[in-house]
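Each chain, letter by letter, is given below.
Protein chains: 2
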Amino acid sequence: MTKKRLFAPGPVEVPPTVLKALAKPVMHHRTAEFKEIFAAAKSKLAQVFCVDEVIILSASGSAAFEAGILASVPAKAKVVAINAGKFGERWVGLANEFGYEVIEIKIPWGKTVDFEVLRQSLKSHNDIKAILTTHSETSTGVLHDVKTIAEIAKQESPEALVLVDAVSSLAAAELRPKEWGLDVVAAGSQKGLMLPPGLAFVYLSERAWANNKDLNPSFYLDIRKERMAQQKNSTAYTSPVNMIYALNAALDILLNEGIENVWQKRALYTQAIIKSAEALGCKAYAERVSPAVAALRAPEGILATDIVAGFAKRGIRIAGGQDHAKEFLFRPAVLGYGDKYDVITLVAALEEVLRELGVDIPNAKGVAVAMEVLQGS
Amino acid sequence: MTKKRLFAPGPVEVPPTVLKALAKPVMHHRTAEFKEIFAAAKSKLAQVFCVDEVIILSASGSAAFEAGILASVPAKAKVVAINAGKFGERWVGLANEFGYEVIEIKIPWGKTVDFEVLRQSLKSHNDIKAILTTHSETSTGVLHDVKTIAEIAKQESPEALVLVDAVSSLAAAELRPKEWGLDVVAAGSQKGLMLPPGLAFVYLSERAWANNKDLNPSFYLDIRKERMAQQKNSTAYTSPVNMIYALNAALDILLNEGIENVWQKRALYTQAIIKSAEALGCKAYAERVSPAVAALRAPEGILATDIVAGFAKRGIRIAGGQDHAKEFLFRPAVLGYGDKYDVITLVAALEEVLRELGVDIPNAKGVAVAMEVLQGS
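Protein chains in written order, with the working numbering: chain A, 331 to 707; chain B, 331 to 707.
Hint data in this document are derived by calculation from the structure and do not stem from the laboratory.
No experiment lies behind these values; they were computed from the predicted model shown.
Same chains, same names: a pair is fine if it fits in one copy or spans any two.
In silico DSS-like links for lysine-lysine, alpha-carbon gap of 30 Å or less: (1) LYS555 x LYS656; (2) LYS354 x LYS374; (3) LYS459 x LYS555; (4) LYS543 x LYS408; (5) LYS436 x LYS555; (6) LYS334 x LYS354.
Make a model of the complete structure from these sequences and hints.
Right, here's the structure in full:
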């Protein structure tokens, strides 16, 4: 019997109370009873987003980003897309698909955007309508400083909207869309919110909502139509009833903990994983670490794929590296419901795996570092 | 304590084993273990669809129809849209939104398409690229004869694809997309498949897949990209893991029953509801009855909204009429997990409700009719 553990940057372990809520009998979505449940979820979700209103979609996180750009950036507009990994690359593809004129800022994996490069790019065009960026770039473990990106945008291209993929950063990294002046923030259910995959969320600033001219067509992902329905606590299409039950349950846990505490805890856990891994001969990969995932370089001479397989043998699923990073990168995460003992478990397993692969490690060397970082938490 | 019953044409009651599957711990979607589960669901789903391959989307049913049209009908193409109710109207709106040239065949509510009108419409244009129709039009309870529609299309506009909204007909009404020559068939999870809302399904014929030129852009709903992933038992975006567990459980129940038996049972149940209601002074509304829903006209002088409210008082949720049909139409349904005793319960409650509203009904008059229709089933 091998106990299963999910230590990947999404999907993540879902708390039993959330799974229980998910399995409640279906109710009709056009009832007063469901409208109350929907209203509660909406209001709690806005608190976790630190905004006033979030649109909920029955879809996965990528759909939220698509919905956000289609609802606020005019067709054929010129957009700057920061591409620092697989998700940045995805948004370049999305923008190209819909016929936007894409100015791509390509950044080496593991690095964050050079603010001067961004500034120059904005300076050299006077008609940028939007800037697309990831917040936590899950493929590289980098947390982009979207607050500073928004400040630079305000200085150099005040009309440009700032669109942020916060799929893996929501409820993991500090994120204050209103205070920071972000215009579109997209997220999904299966990361920091510790729900199964299947819900997508999108926030739009008032000026993004006001941008309603010359938009590309949209239908299922038309969040302007959704907004009208959701302001009446309904949805334009059939509501994902059971996922909304579960959303309520997960949000209760997060708000009970306090969103700022959640951010601090995630940052601490990721730091504990990284520091321990460094003590075991791995290297932190991200220039600016995302609290959502610990991107680690395998020790010299060790294949990251063997590390992933070593974890799998122990019933633990972590993420490997993508594309060219497959051989050297591995990406464990303790998100959502995961706690400090999960961090210790993860590090203990990493020690075992590396030892098995021939790295000479004194007993509990990594775990000692983790426990020190976690002290008092 | 009022026991809750969901007798609406979706969402429907979900079997306990399906709810239990839904609440299983999340696993990572990029694992061999999940690929097996996904492959099993895909294969069973194809059997229920009577086709070889169905694409699964994390979205609601409408998204499947959108994905189908975007993947197979060239941009700006001329399409005939059969509008016989709220869902027909939705597809006219969808086609207009994406810039198709829409020739609308508008049909009075409660009626099915006049084949001669369709034939003439196709004859008078030589460049129709697609015909959009509902199969079961949930708003009116009409089942359109999509088999004959496809035959007429073949005769008059052999190049035109036939796109069918089967959201409420899948696993309720006989549906043989391959045999009948349908090109796009879209469905959702919360009706005959007796799952919670949140999955959308779409079948494309080989000639629809071959139609890959000059398409409108799509990204999240790009089923050509999904097809490539799903042929490897993966998904382009994060798989809705828990809904796939539940899908497997629901498909097991349906296939164990046999899809033809399911069709027969649904037709019989709906007939039992309609015959009983007629005996109680209601009138069947649909010219050609869909097994997915019993659309009924309230007896003269009785408001349908009062009937819906009378059911609600008894913990039973049925659907009312939409738009102009609100005052006279009510739409109960015993779909999915609902059985013959649910039909009897529904009819018993209808008797009570009508009696309360002043209709003079001898005791068990409706129930006797229902039991006669159901005899031997």
